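Novice: The chain contents come next:
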Amino acid sequence: MSKRKQNLVGYLFALPWFIGFSVFLAYPLVASIYFSFCDYSVLKKPVFIGLDNYRELFADEVFWITVKNTAIYAAISLPAGMVMALGLAMLLNAKVPGTTFFRTVFFLPSLVPMVSLAVLWLWILNGEHGVLNEVLRMVGIRGPNWLGDPAWSKPALVVLGVWGVGNAVLIYLAGLQDVPASLVEAAELDGASPWQKTRHVTIPMISPVILFNLITGIIGTLQVFTVPYVMFPGGSPARSTYFYAMYLFDNAFLYNKMGYASAMGWIMFLAIFALTMLSLKLTEKHVHYGGGGTA
Amino acid sequence: MNRLADFALPGFFLVVLATVWASERVVREDQPPGPVRITYWEKWTGFEGEAMRKVVDDFNKSQNRIFVQLLTVSNVQNKTMLATSAGIPPDVAGIFSANVAQFVDDRAVLPLDDFCREAGIGPEDYKPVYWNAVTYRGRIWALPSTPATTALHFNTAMMRRVGLDPNRPPRTIEELSEMADRMVQRDKDGRIRVAGFLPAEPGWWNWAWGYFFGGELWDGKDRITANSPENVRAFEWVQSFPKKYGPNEVQTFRSGFGNFSSPQNAFMSEKVAMVLQGVWMYNFISMYNPKLQWAAAPFPHPADRPDLARTTIAEADVLIIPRGAKHPREAFEFIRYVNSRKGMETLCLLQRKNSPLTDVSEEFWRRHPNPYIRLFDSLAASPNAVGTPKLGIWAEYSAELNNAFEEIGLLRKTPKEALDAVTARMQPKLDQYLKRLRLREQAEASR
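Residue numbers (the numbering used here), protein chains in the order written: chain L, 2 to 296; chain H, 101 to 547.
Next comes chain L alone, as it looks inside the complex:
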């Protein structure tokens, strides 16, 4: 087959993806940059208003509330989730009978669709009849109204987030199984304690996996949407669970302020981009890739 024909076939194969990508991703992406500088309600033609949306956003009290809520949520939920996932993965990596069973058990919750998860937890966390408070009552603690008390609504979401760490566990587990046995044995021969083995052999060896989970975790927690949107309509109580992505969605689809929402989307993108770059930079010296040298 001639080179030309080979190219043609290649392009033809890639065509469905290319069409999909341009129509559903590239165009909206580029258009949203433009719309972020417009007064645009979808139905009427966009009118260019310069930086007005951005200016208005930075003066918008609710915008800052959602930024703060999202930052707090990410700051608690991300480390909690990562530690929990790594801990579980290490336990599940132990060579004891029944590990496959437990691996399945811990992975199962992450297969539950988000909306069902939210509805399920609405009942677990219910202040009056919730399972959690019933259990607390048995040990003599009067549980808070998790969903109605602004002080407890974010912790409730963090607890719920930890429930879905199965995916991260799976990735850690794969990383842990790639730790060369020879290195662990060498450490053992040198008399390393289990903690020293973890600290100096296992963690450095899976550091790229930790970094990966960190970055996907940053993206995931900053974009938290479905569960709070279902569980806390309007970010109730008193906007304590009003997250960035929820405010963006409300602006776009409830208030028809597509330009404003586009501006929010781009600020979010830049924030995530900056945080990702920052994590790459900060972890540079601590992340070890196989094949010698550091990244």
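What the hints contain is simulated information worked out from the structure, not anything from laboratory work. Take these hints with a grain of salt, some might be off.
As the list claims (entries may be wrong) - Below 25 Å or equal to it, Euclidean Cα-Cα: the simulated BS3-like pairs (lysine-lysine) are:
1) H:Lys426 / L:Lys45
2) H:Lys321 / L:Lys45
3) H:Lys179 / L:Lys45
4) H:Lys535 / L:Lys46
5) H:Lys344 / H:Lys288
6) H:Lys529 / L:Lys46
7) H:Lys343 / H:Lys516
8) L:Lys96 / L:Lys198
9) H:Lys442 / H:Lys143
What the hints assert, rightly or not - A few chain H residues that don't get close to chain L, going by computed Cβ distances all over 10 Å:
10) Arg137
11) Gly146
12) Lys154
13) Val173
14) Glu278
15) Asp322
16) Ser328
17) Lys391
18) Arg410
19) Ser461
20) Pro469
21) Arg474
22) Gln527
Since the model is a prediction, treat every value here as computed from it, not as a measurement. Note that the Cβ used here is the ideal one computed from N, Cα and C, for glycine as well.
Mind docking chain H on chain L? Use the hints.
Specialist: Positioned in the frame of chain L, the structure of chain H alone reads:
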């Protein structure tokens, strides 16, 4: 590699596309050639959806030029808006009267003035509050499908239990609060088990309490009046409940209520003795707790404001023709049928609501199962019947008021602080909204 195999996958895609295209053609040609088919999106499900289906079937049988295809669509106002912006709206959509202003400002809906004039439909045919709900900026944009009014629903058995006369429901807000207090029951841990009345239940009209105290949410032109003395007074009354009962206790008690449409509904399960509810409540009571002993009365007014007696929230489900609809004339034919006395009475009887029309048949009253239907109907004619403010930014404004309502419920802010904050936030938004609307109108006029 052989030549044929190189093109197998792309070829396969082509075949799939062609098949989809062809099947679309086949299905289209399969439709009856005669009548014009119009699509109608409606939000209702259950018995309310069945009621509309009956009216659609009646219409389809009554003539052979137009065939209405009814489709149940959840979140219909948002989906209609998106479909309209994509240029593929339904011919008729059933939205809420509260959405009309936003749809009009967004140019999402066709004016019906010419159609109404041709059909001889005018304000004299409707109760003023419902006619008002479908007009905006001097034009007609929708016609009602079914209307509603609200009233105080109270549990007569629970009143009797605490020694109150069930034939003498509260007439003033002060009486309401006093009776409500008498009905509160707590368990040994101090947790509320039964409440007389809670302004947060069902929580659908958190924005509306000001109207019961003579307040308005804007001046009808360009000023937000959320922090008017009347509105502040209303929110002070709202806050008196968590102040008396404890904000956390109220929150926890409320978290035990089931969904509105379930036997665990606070009123149906006798957890709350008195609620503000609409004409539809009767249906749900007969469905989930037919043995409930209840009655309805106009919602009380402040003792010093007898002029506010019979205040009610009067809203309507309305039918619109989205801009870009393929068959507006046929669509209006259908809307007109729904708004004929026969169509409207069939629909309102099956949905068990009052009629928005001034002309109501004796048979309608006779056959209506709700024992309080005349009350709801007369409330619609009350001078104190109020609708949702006709503001293009209402969605945002009501979210803001809801948040203020929550903040005062949790005692995080005083009513004055909360409503000042709402006003301070919404006034610039209204200014900007009106400015942009004007600029757009000027641009359109000069074009």
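Novice: In ascending order, which of the hints set out earlier in this document are inconsistent with the structure?
Specialist: The structure conflicts with no hint, since it agrees with every one listed earlier.
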